[in-house]
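In order, the protein sequence lines correspond to chains X and C.
342 is the number that my numbering gives to position 342 of the first sequence; each next residue is one higher, with no gaps.
216 is the number that my numbering gives to position 216 of the second sequence; each next residue is one higher, with no gaps.
None of these hints come from the bench; they were simulated from the model.
Only a predicted model underlies this, so the values are computations on that prediction, with no experimental measurement involved.
Careful, some of the hints might be misleading.
No copy is singled out in the list; a pair is fine if it fits within one copy or between any two copies.
Said to hold, decoys possible - 16 Å max Cα-Cα, derived EDC-like pairs, lysine to aspartate or glutamate:
id, residue 1, residue 2
1, Lys231, Glu57
2, Lys183, Glu358
3, Lys434, Glu358
4, Lys434, Glu380
5, Lys136, Asp52
Number of protein chains: 2
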Amino acid sequence: MADSISLNLSKLFAAAAGANGLAEDDLGAEAAAAAFEAFELRRTTGEVGFADLGEREDLAAGCRETAALVRAEASDFLHLGIGGSALGPRAILRALSHPQRNLLPPAQRDGPRIFFVENVDPESLAAIRDVIDPSKTWINVVSKSGGTVETIGQWLVVRQWIEEAVGREKARERTILTTDPEKGLLRRMAREEGMRTLEVPPNVGGRFSALTPVGLLSAAVAGIDPSEILKGARSMTARCASGRVGDNPALHLAASLHALDVRKGRRTHVLMAYADALADTAEWYCQLWAESLGKRYESEGEQVFSGPTPVKAVGAVDQHSQLQLYLEGPQDKVIVFLGVRRLREELEVPSGDGLPPEIAYLGGHGIGEILDVERRATEEALLRNGRPSATILLEELTPRAIGALYQFWELTTAYAGELYGVNAYDQPAVELGKRIAQRVLSRSGGQGT
Amino acid sequence: MADSISLNLSKLFAAAAGANGLAEDDLGAEAAAAAFEAFELRRTTGEVGFADLGEREDLAAGCRETAALVRAEASDFLHLGIGGSALGPRAILRALSHPQRNLLPPAQRDGPRIFFVENVDPESLAAIRDVIDPSKTWINVVSKSGGTVETIGQWLVVRQWIEEAVGREKARERTILTTDPEKGLLRRMAREEGMRTLEVPPNVGGRFSALTPVGLLSAAVAGIDPSEILKGARSMTARCASGRVGDNPALHLAASLHALDVRKGRRTHVLMAYADALADTAEWYCQLWAESLGKRYESEGEQVFSGPTPVKAVGAVDQHSQLQLYLEGPQDKVIVFLGVRRLREELEVPSGDGLPPEIAYLGGHGIGEILDVERRATEEALLRNGRPSATILLEELTPRAIGALYQFWELTTAYAGELYGVNAYDQPAVELGKRIAQRVLSRSGGQGT
Numbered sequence: 001m002a003d004s005i006s007l008n009l010s011k012l013f014a015a016a017a018g019a020n021g022l023a024e025d026d027l028g029a030e031a032a033a034a035a036f037e038a039f040e041l042r043r044t045t046g047e048v049g050f051a052d053l054g055e056r057e058d059l060a061a062g063c064r065e066t067a068a069l070v071r072a073e074a075s076d077f078l079h080l081g082i083g084g085s086a087l088g089p090r091a092i093l094r095a096l097s098h099p100q101r102n103l104l105p106p107a108q109r110d111g112p113r114i115f116f117v118e119n120v121d122p123e124s125l126a127a128i129r130d131v132i133d134p135s136k137t138w139i140n141v142v143s144k145s146g147g148t149v150e151t152i153g154q155w156l157v158v159r160q161w162i163e164e165a166v167g168r169e170k171a172r173e174r175t176i177l178t179t180d181p182e183k184g185l186l187r188r189m190a191r192e193e194g195m196r197t198l199e200v201p202p203n204v205g206g207r208f209s210a211l212t213p214v215g216l217l218s219a220a221v222a223g224i225d226p227s228e229i230l231k232g233a234r235s236m237t238a239r240c241a242s243g244r245v246g247d248n249p250a251l252h253l254a255a256s257l258h259a260l261d262v263r264k265g266r267r268t269h270v271l272m273a274y275a276d277a278l279a280d281t282a283e284w285y286c287q288l289w290a291e292s293l294g295k296r297y298e299s300e301g302e303q304v305f306s307g308p309t310p311v312k313a314v315g316a317v318d319q320h321s322q323l324q325l326y327l328e329g330p331q332d333k334v335i336v337f338l339g340v341r342r343l344r345e346e347l348e349v350p351s352g353d354g355l356p357p358e359i360a361y362l363g364g365h366g367i368g369e370i371l372d373v374e375r376r377a378t379e380e381a382l383l384r385n386g387r388p389s390a391t392i393l394l395e396e397l398t399p400r401a402i403g404a405l406y407q408f409w410e411l412t413t414a415y416a417g418e419l420y421g422v423n424a425y426d427q428p429a430v431e432l433g434k435r436i437a438q439r440v441l442s443r444s445g446g447q448g449t
Numbered sequence: 001m002a003d004s005i006s007l008n009l010s011k012l013f014a015a016a017a018g019a020n021g022l023a024e025d026d027l028g029a030e031a032a033a034a035a036f037e038a039f040e041l042r043r044t045t046g047e048v049g050f051a052d053l054g055e056r057e058d059l060a061a062g063c064r065e066t067a068a069l070v071r072a073e074a075s076d077f078l079h080l081g082i083g084g085s086a087l088g089p090r091a092i093l094r095a096l097s098h099p100q101r102n103l104l105p106p107a108q109r110d111g112p113r114i115f116f117v118e119n120v121d122p123e124s125l126a127a128i129r130d131v132i133d134p135s136k137t138w139i140n141v142v143s144k145s146g147g148t149v150e151t152i153g154q155w156l157v158v159r160q161w162i163e164e165a166v167g168r169e170k171a172r173e174r175t176i177l178t179t180d181p182e183k184g185l186l187r188r189m190a191r192e193e194g195m196r197t198l199e200v201p202p203n204v205g206g207r208f209s210a211l212t213p214v215g216l217l218s219a220a221v222a223g224i225d226p227s228e229i230l231k232g233a234r235s236m237t238a239r240c241a242s243g244r245v246g247d248n249p250a251l252h253l254a255a256s257l258h259a260l261d262v263r264k265g266r267r268t269h270v271l272m273a274y275a276d277a278l279a280d281t282a283e284w285y286c287q288l289w290a291e292s293l294g295k296r297y298e299s300e301g302e303q304v305f306s307g308p309t310p311v312k313a314v315g316a317v318d319q320h321s322q323l324q325l326y327l328e329g330p331q332d333k334v335i336v337f338l339g340v341r342r343l344r345e346e347l348e349v350p351s352g353d354g355l356p357p358e359i360a361y362l363g364g365h366g367i368g369e370i371l372d373v374e375r376r377a378t379e380e381a382l383l384r385n386g387r388p389s390a391t392i393l394l395e396e397l398t399p400r401a402i403g404a405l406y407q408f409w410e411l412t413t414a415y416a417g418e419l420y421g422v423n424a425y426d427q428p429a430v431e432l433g434k435r436i437a438q439r440v441l442s443r444s445g446g447q448g449t
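Please put together the full structure from these sequences, using the hints given.
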């Protein structure tokens, strides 16, 4: 894999994991090659566009320009979005910026404070109102379809605050709409009111949109170079150009996880990040995996009710929460570890004569070193309990590594979709709940009426 | 159930959910009664103490006193702990305090800023150093056993910062150790150095300790009355005093979830909180459920490898992420909704002639109203897809309701342990990884040596 990311699948296979592991031919070289070809067809015909986002330097440039305007004026930047319009942006920012970013004094912070307005939760929204300065606030309203009810409802509330503080015209100038270039309500409103916009390419679905302006603008506002992220994505796409699992790491992981589900009954796929910076990335993966693969029908129309259950875990924290279940519970899980070789900080545990003997061995070790040792010990403990696992290791948490990692998981998801034989790009079931909710709200007519 | 909490299990049963639902006699009245009696024996003999914490007004008083010292002096309060020493405290604070608490100016904030130091992640720890004022920082080091390596390692680092700022004696005065009253390293150090302590009752295990000083001190530091939390716990224990499922809501839920696992193959138990304030509570539940029930051996010694997989979800957010899988994926899940009837804030979506027709129906509705309608619509959509669900509804997010909710889930877990026939109070498997990690660290001798 890319020199900045390495993938170790050996503990998924029988040679290491014993009877619970995969045999080499469980992967199905032909099925994998066919999955690769099927996805290549979608990619090269332009049906599915995420894998080529690394080439869209124009999108990065647009984000940099817009971010410069924001950074020059704003004390606070609100990113309004939900689902695929929130998970990627939040996860990228969390991976690449200061963990207490919003608490840093302005002089030590690169760019304005950034808030994600996701849930239609009035307590969360009111709390943001309590801490921002609406006279210096910019907002980015993000919806691929342009019609996401939660996001638009929140926007109408937030817009009122800002208009009250700076007037209608300035509020309009400080609003960015990130949406489809042609279709949808946000695009129409942008045209009618002349608002600033950023484009989500039409052939990139919401949950695959982290590496479009959906995820890149907030990064750029925080001083992270979006071009570096795209470079990482480009290099990963280049490394996944083969239909042989041995030469395509994303195909290798997809084929392995699929085989562990259908051949070994391991349907719960845990991504366990050993770095707080990657906790939100594990959550982003959960959407990608669940919504892409959880489907009632195969592409051929047969009813299958298939789809692995993704789970987010964080090490070492979840060693004290979920690990007992992973080690002794049902043989229905695969753990994919996500580690970082060199974190951006290290803190040494003070040594000295004063330490009680039980913990004297900690003295002189780094906190990050302890984390790394615990990850390896957990991998070993799983193996000794006959539980297969895989490991993705990032050399460092750089924009390039993050771009590569996100492209890697998106490709893995695309190949997995072909292997499961489902359409990885729709989400037909969630419409029902939306229709029910809309009917109830339309009927009850609003508190204000 | 308590007037402040209601439980609706009707959608788990065949009358509503059809063939995928439970028959009434699937619950097994005799097995449930036996589970109740088995737990009562543990409780009344004092083997397991969590269910009687509501009576421990002395613990609440101790927390209030200690919190008063902290509140008088501190600008920042660090709670050091991991697993059961972090999840409950963080979840209680999140449920009952301002969502942007640390960003509020001191005059608007009740008590000092509060930070949870959980993971052995040097980036997270260094980031806290970047924003706190060590000359006005108090710390609470929390470990039931008194020997948690991650927490003690972090304490040694943090202690150095504070000693550098205020000297050894003042640093000692501003340190609280929350641990077993007799045993363990922290207790010994407290005795030797004369440090302030709070007690975790010996018969309350880490993951059941949210309603001890483990969870109550940080709440008290934020101005939340711990006695109110305990009152809620007491009322819930009183309501769960029967071995008949119809008269004991925790037993009813435990028997239902157990039956859905063993009779219907629904082994993934999702807690989906429809309030951001309860997101961390869902994470707390994940530890309780996984670590208590994920076991290799039955109490009788038979190898079973049992245990449901808990999953945290947040509505409406996860309607845009996990719901597609819940609606169309394998029939292996149960969704337990956790809603709130009256949130502490409401914000109205502005209505008016300017709204585009597609979203005009939103005008005049409350953001919280939309959230509530979406929860009900999601319940309905699951039902129409033949997916059983249950609903826990809190009237309001008060300390009393939270105490009742936590006691409710702990009792549910205890009864589930008896129904699964496992020891819900140990975690034997996680020792292996700890030993491996300790051996590696002892051998490598520390960077400083």
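Is it within a copy, between copies, both, or neither that the alpha carbon of Lys136 lies no farther than 16 Å from that of Asp52? neither (36 Å within a copy, 51 Å between copies)
Treating 16 Å as the Cα threshold, decide for Lys183 and Glu358: within, between, both or neither. between (65 Å within a copy, 14 Å between copies)
Alpha-carbon proximity between Lys434 and Glu358, which holds within one copy, between copies, both or neither at 16 Å: This pair counts as between: shortest inter-copy Cα distance 13 Å, intra-copy 57 Å.
For Lys231 vs Glu57, is the C-alpha pair at or below 16 Å within one copy, between two copies, both, or neither? Within one copy only: 9 Å inside a chain, 59 Å across chains, cut-off 16 Å.
Could you figure out if Lys434 and Glu380 sit no more than 16 Å apart (CA to CA) within one copy, between two copies, both or neither? Classified as between; 11 Å across copies, 45 Å inside a copy.
In the structure shown, a violation is registered for the earlier hint numbered 5 alone.
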